[in-house]
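Chain by chain, the residues run as shown.
2 protein chains.
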Amino acid sequence: MPGGLDAFVALAERLAETSGPIARAYFRSGLTVEDKSDQTPVTAADKEAETAMRALIEGAYPTHGIIGEEYGSVRTDAEYVWVLDPIDGTRSFVAGLPMFGTLIALLRGGRPVVGVIDHPALGERWVGAAERPTLLNGKPVQTRDCASLTAATIYCTAPEMFEGAALEIFNRCRDDARVIRYGTDCYGYAMVASGFGDLVIEAGMSAYDYLPLVSVIDGAGGVITDWEGKALGPRSDGRVVASGDRRLHAEVLGRLSEAV
Amino acid sequence: MPGGLDAFVALAERLAETSGPIARAYFRSGLTVEDKSDQTPVTAADKEAETAMRALIEGAYPTHGIIGEEYGSVRTDAEYVWVLDPIDGTRSFVAGLPMFGTLIALLRGGRPVVGVIDHPALGERWVGAAERPTLLNGKPVQTRDCASLTAATIYCTAPEMFEGAALEIFNRCRDDARVIRYGTDCYGYAMVASGFGDLVIEAGMSAYDYLPLVSVIDGAGGVITDWEGKALGPRSDGRVVASGDRRLHAEVLGRLSEAV
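Chains as they are written, first to last, in my numbering: chain V, 1 to 260; chain G, 1 to 260.
In isolation and in its complexed conformation, chain V is listed as follows (with noise of 0.2 Å):
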């Protein structure tokens, strides 16, 4: 793939360029909000930018398999799969804040192999591919050290991700950081790759929402795993912990693992 990574990565930057206008031009106007089964609120910029996604990556590779959150999947047993979250974080979309970002992830084998945290509201794009520092607009980020969970600024969407055990190891570790923010979505994994803060729990996500994380963290020097310790694939249980130091990350993981 050495020849092909560039491409590869030429591509997700222009999937992101290609979502990114279209989210804009729906965000704050007023647009209908329809409901799922599930009631997550989803947009007509969700479905209208994942189309526009898909039409490029058939274009250009279209051997290659596809998951989107919308249009689901075709071709997931080639040796390329893109995975698309045009929208992550709907419900801040909806509600005007502009923490919301496009999430593309391109897998080879199942590994993430490039990775893009896209915020259109926001002008931030962080890029990570497989041995390459991750990239905010071009600009190389790392993780900071942070040694102990006493010391960490942590993020998590909601505390409604959690039940039961997880939830009370969650408000164990919530006490003891030093600096909780809540309603981050992406940009919570973005914040610790570019060493604002240290770790992101969370629990409850797809597929499309943690896969195209792996590489800018990885990127970036951080860790991300399932709450087990064990890499991210695109089956994992959705339970994910993201750390910029080592150390923070093995003792939250020990903390964790009376939940799993």
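Calculated from the structure, these hints are not laboratory results. For each residue, glycine too, the CB sits at the ideal point set by N, CA and C. Treat the hints with care, as some may be off.
Between beta-carbon pairs, the in silico distance windows are [stated by the list, open to error]: (1) S257(G) to T76(V): 49 to 57 Å; (2) A151(G) to S206(V): 20 to 28 Å; (3) E79(V) to P133(G): 53 to 61 Å.
Given chain V, work out where chain G should sit, using these hints.
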């Protein structure tokens, strides 16, 4: 005050224009975070911005009072008193999140007559003044209709703001609302003013946190009170409910009355 209001609004905007570049210079700069006795992270930006704003007020209106988060109160018995919170959402600020804002109010006889919610990292400024339409970057904004909680998009900085009966009532509001978004600080009130969402419920706020919101919400057609429905003043108890629609405000006040 008719002749004076224009001058007061102009000064309020100049305060925001002075504070904003200071906040931006320190944002994501890797500065050391200090701890106050109450463990709230506070930054050099806070202090430098408030110092600069106080100097402008002292120069323009040396008889006016000032209440600031960092440097306390002077002449609070004056007819006009300025209220300054250079960085509302210091936790967002230290976590790299652009949702923090600069809050400015002018009180006359204890009643807010000018309010500014300025977001230096987002380039968005809401300005409200007595009997005038609230402006976002110079353009009028309006709240939207939302007759009941089941249709509402609601905001809250963090559920940890509540305890006991108040937490139970908040949780029921959250469960009944259409969408809940956390992590918003003053941005949630700005979203309600612009009609992107419907309601904010919060508690534990200081006078410099809530007084600057009043003119912004009022001038956009919304309503903001304490949990008993009383107008907010310097001595309110820090429990705040803001809504774009009076019907929704009344419904939520009814629920909150169990907690007051």
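Task: Structure versus earlier hints, numbers of those that do not hold, lowest first - done: none
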